[in-house]
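Chemist: These protein sequence lines map, in sequence, to chains Z and G.
Its first residue numbered 1, the first sequence is counted upward by one per residue in our numbering.
Its first residue numbered 1, the second sequence is counted upward by one per residue in our numbering.
Some clues are possibly wrong.
[Stated by the list, open to error] To give an idea of the chain G side of the interface with chain Z (calculated C-beta under 8 Å), a few residues: (1) L92; (2) R117; (3) W129; (4) R204.
[Said to hold, decoys possible] Coverage of chain G stretches by chain Z, computed from C-beta distances (three or more under 8 Å per stretch; other residues unrestricted): (5) 98 to 107; (6) 121 to 128; (7) 222 to 233.
[Said to hold, decoys possible] With beta-carbon atoms standing in for the labels, derived distance ranges: (8) Z:L174 <-> G:A71: 26 to 36 Å; (9) G:D148 <-> Z:L174: 36 to 46 Å; (10) G:E107 <-> Z:V22: 47 to 57 Å; (11) G:A131 <-> Z:W181: 16 to 26 Å; (12) G:I272 <-> Z:R32: 53 to 63 Å; (13) G:E107 <-> Z:L35: 21 to 31 Å.
These aren't lab readings, by the way, just hints derived from the structure by calculation.
The C-beta atom is built at its ideal place from N, Cα and C for all residues, glycine as well.
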Amino acid sequence: MPSPVVAPPRAALGNRPFRLAVPPVSGVLRPRLLLTGVGVALGAFLLFCWGLTIGDYPVAFTDVIRALWGSGDAGTVIVVQDLRLPRALVGLLVGVAFGVSGAVFQTMTRNPLASPDMIGLTEGAGTAVVAAVVLGWTGGLGLSTLGLLGALATALLVYALAWKGGATGYRIILVGIGVSWICSSATNFLVARGNRFEAEAALGWLVGNLNGRTWNQVDSLAIALAVLLPITLGMGRWMRTLMLGDDVAAGLGTPVQPVRLALLLAGVGLVAFGTAAAGPVAFVALACPQIAQRLAGTSSPPPLVSGLTGALVVLGSDLLAREAIPGTELPVGIVTGALGAPVLLWLLIRANRAGSGG
Amino acid sequence: MSTTDPRTPRTSEAPAPGPELRARDLHLAYDGRPVVENLNLTVPTGRITAIVGANACGKSTLLRALARLLAPRQGVVELDGVALRSVPTRELARKLGILPQTPVAPEGLTVLDLVGRGRSPHQTWWRQWSAADEEAVHAALEATSLTDLAERPVDELSGGQRQRAWIAMAVAQGTPILLLDEPTTYLDLAHQIDVLDLITDLNRREGRTIVMVLHDLNQACRYADHVIAMKAGRIVAEGAPADVVTEATVEDVFDLRCRITPDPVSGTPLVIPLGRHHHDGTSPAGQPGVSEKV
Numbered sequence: 001m002p003s004p005v006v007a008p009p010r011a012a013l014g015n016r017p018f019r020l021a022v023p024p025v026s027g028v029l030r031p032r033l034l035l036t037g038v039g040v041a042l043g044a045f046l047l048f049c050w051g052l053t054i055g056d057y058p059v060a061f062t063d064v065i066r067a068l069w070g071s072g073d074a075g076t077v078i079v080v081q082d083l084r085l086p087r088a089l090v091g092l093l094v095g096v097a098f099g100v101s102g103a104v105f106q107t108m109t110r111n112p113l114a115s116p117d118m119i120g121l122t123e124g125a126g127t128a129v130v131a132a133v134v135l136g137w138t139g140g141l142g143l144s145t146l147g148l149l150g151a152l153a154t155a156l157l158v159y160a161l162a163w164k165g166g167a168t169g170y171r172i173i174l175v176g177i178g179v180s181w182i183c184s185s186a187t188n189f190l191v192a193r194g195n196r197f198e199a200e201a202a203l204g205w206l207v208g209n210l211n212g213r214t215w216n217q218v219d220s221l222a223i224a225l226a227v228l229l230p231i232t233l234g235m236g237r238w239m240r241t242l243m244l245g246d247d248v249a250a251g252l253g254t255p256v257q258p259v260r261l262a263l264l265l266a267g268v269g270l271v272a273f274g275t276a277a278a279g280p281v282a283f284v285a286l287a288c289p290q291i292a293q294r295l296a297g298t299s300s301p302p303p304l305v306s307g308l309t310g311a312l313v314v315l316g317s318d319l320l321a322r323e324a325i326p327g328t329e330l331p332v333g334i335v336t337g338a339l340g341a342p343v344l345l346w347l348l349i350r351a352n353r354a355g356s357g358g
Numbered sequence: 001m002s003t004t005d006p007r008t009p010r011t012s013e014a015p016a017p018g019p020e021l022r023a024r025d026l027h028l029a030y031d032g033r034p035v036v037e038n039l040n041l042t043v044p045t046g047r048i049t050a051i052v053g054a055n056a057c058g059k060s061t062l063l064r065a066l067a068r069l070l071a072p073r074q075g076v077v078e079l080d081g082v083a084l085r086s087v088p089t090r091e092l093a094r095k096l097g098i099l100p101q102t103p104v105a106p107e108g109l110t111v112l113d114l115v116g117r118g119r120s121p122h123q124t125w126w127r128q129w130s131a132a133d134e135e136a137v138h139a140a141l142e143a144t145s146l147t148d149l150a151e152r153p154v155d156e157l158s159g160g161q162r163q164r165a166w167i168a169m170a171v172a173q174g175t176p177i178l179l180l181d182e183p184t185t186y187l188d189l190a191h192q193i194d195v196l197d198l199i200t201d202l203n204r205r206e207g208r209t210i211v212m213v214l215h216d217l218n219q220a221c222r223y224a225d226h227v228i229a230m231k232a233g234r235i236v237a238e239g240a241p242a243d244v245v246t247e248a249t250v251e252d253v254f255d256l257r258c259r260i261t262p263d264p265v266s267g268t269p270l271v272i273p274l275g276r277h278h279h280d281g282t283s284p285a286g287q288p289g290v291s292e293k294v
């Protein structure tokens, strides 16, 4: 080999990571990732508060922030905390759930197209919920549970059909798209069969909607996130080795199959609870991890920043959906769909050109 | 964690013997199709071993089993006398590293990031990047002459640089045993030699045990201390290159007739294939510059 070069100055500021240590604790600080995370979180918080100002009874921005902590006049506190907060919180939590779940799936399959909304998981959750609403057999289960079961069943189906000595990224996507179409046909069939009232309720839910959310949805979603988010983020180190391929990951001491299963279940759980709370808000899980990755300049979607980006996008889209056409309130899913479709096209074109689709 | 094994008297010279890797009565199969049968092997500790053989003879399969990427159907692979399957995953990854054939890095991943991931068996959730990690990564970058390219994305490097980056990751892992599956595939000749020299450095300077699958017999002879020739899932011959790579063995293993002459540079066997158009009759003396007097 050529003679070794003198070691360069370490840890120049910028995109280069540097070491933080208070022995025995140590970690890597990535300035750009940190800044992106803080910026996106701030943006999401602003949109969150902004959303709380909107409604029949206008509340000033500063009053909203005060009312959040329970101060200010009693009427404003009730309006903000009881009437508007659930909607904003569901938007926030759904965004986080979809963003993180998308990051998990895209990282695991090493393919930006393998997000839960592309491979039929949200469709499957939707079919289960619509079936329950239209056919009237909820079996005493809440919509969240039904959505969870639907997404889990779909995930198992996709995984089983894509399995051929190990499920690879491309096969999961192709099978997932097929399964997704089956689910959406089933959903359409159920909606067509149902009576008008049921059909309308189901349709309103199917496009992804934050309207009329209550603390019930907030609670189940918050509990799900409190459990699944730490599990997912805790596996970040293993996600980073899994990205190098199964054999390399195993060689680096990653328990490949258990980690993959745990990540799959966590990702499915996040999407299922999110879908149950707000319907399949289109393209959030697909686009937000990709946006976060580009903002943070990382080589794979950073899970937490993807979640924050998801929150930002859902809250922002909901604002647009409510304010874009005066007097009309669109479901948030229509806005994310309109914004997300170009992102999907861009990913498809890029994947084709670089030949890195799989 | 004890690495002092009283049952390894055979390492005569190595001052600090690393763990010993051994396969016993190994049967391996893919999709129920037997690939390796009844194979016994002791990897010489602190040496470079090359596994050679025709395509689909089971050499990569054997390497995967030695790294626990493939569970044996029968028999056992042992690390210091302990069955590989009962070694904790993380502990195994601290003793044995594997570089699969042509791994692919995610787009945009920098060399530094890739090499850093080699440290993951040494990390915990509270100790994600220790001083030892940093030191190991810098040493690995330096050993592979990649320090200047540390912040470049791996997918933008040349084939040779890319392979060096992957080797650097395995070097940073810091394992006494390193398994490499065809580390020179798809590289041009200069880069092949580059990579093989680097692997030799790892062995000579740090005493790492190296096992690699190689296609090129002459390179195997020149760079390995120990050559294992495989055919149809069995070991046909093993030992020093000069003992293993003979005209008879090459004909048996590769179904190829050849002449063998000493490598003018290293003195190790140099295989000159005959083929259909260069039949017998031509005496070895007909080869210019390569003759017995070297």
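Chemist: Are the hints correct? Go through all of them and say.
Modeler: Results for each hint:
no.	hint	in the structure
1	L92	holds, 7 Å
2	R117	holds, 6 Å
3	W129	holds, 5 Å
4	R204	violated, 12 Å
5	98 to 107	holds (count 8)
6	121 to 128	holds (count 6)
7	222 to 233	violated (count 0)
8	Z:L174 <-> G:A71: 26 to 36 Å	holds, 29 Å
9	G:D148 <-> Z:L174: 36 to 46 Å	holds, 42 Å
10	G:E107 <-> Z:V22: 47 to 57 Å	violated, 34 Å
11	G:A131 <-> Z:W181: 16 to 26 Å	violated, 54 Å
12	G:I272 <-> Z:R32: 53 to 63 Å	holds, 56 Å
13	G:E107 <-> Z:L35: 21 to 31 Å	holds, 22 Å
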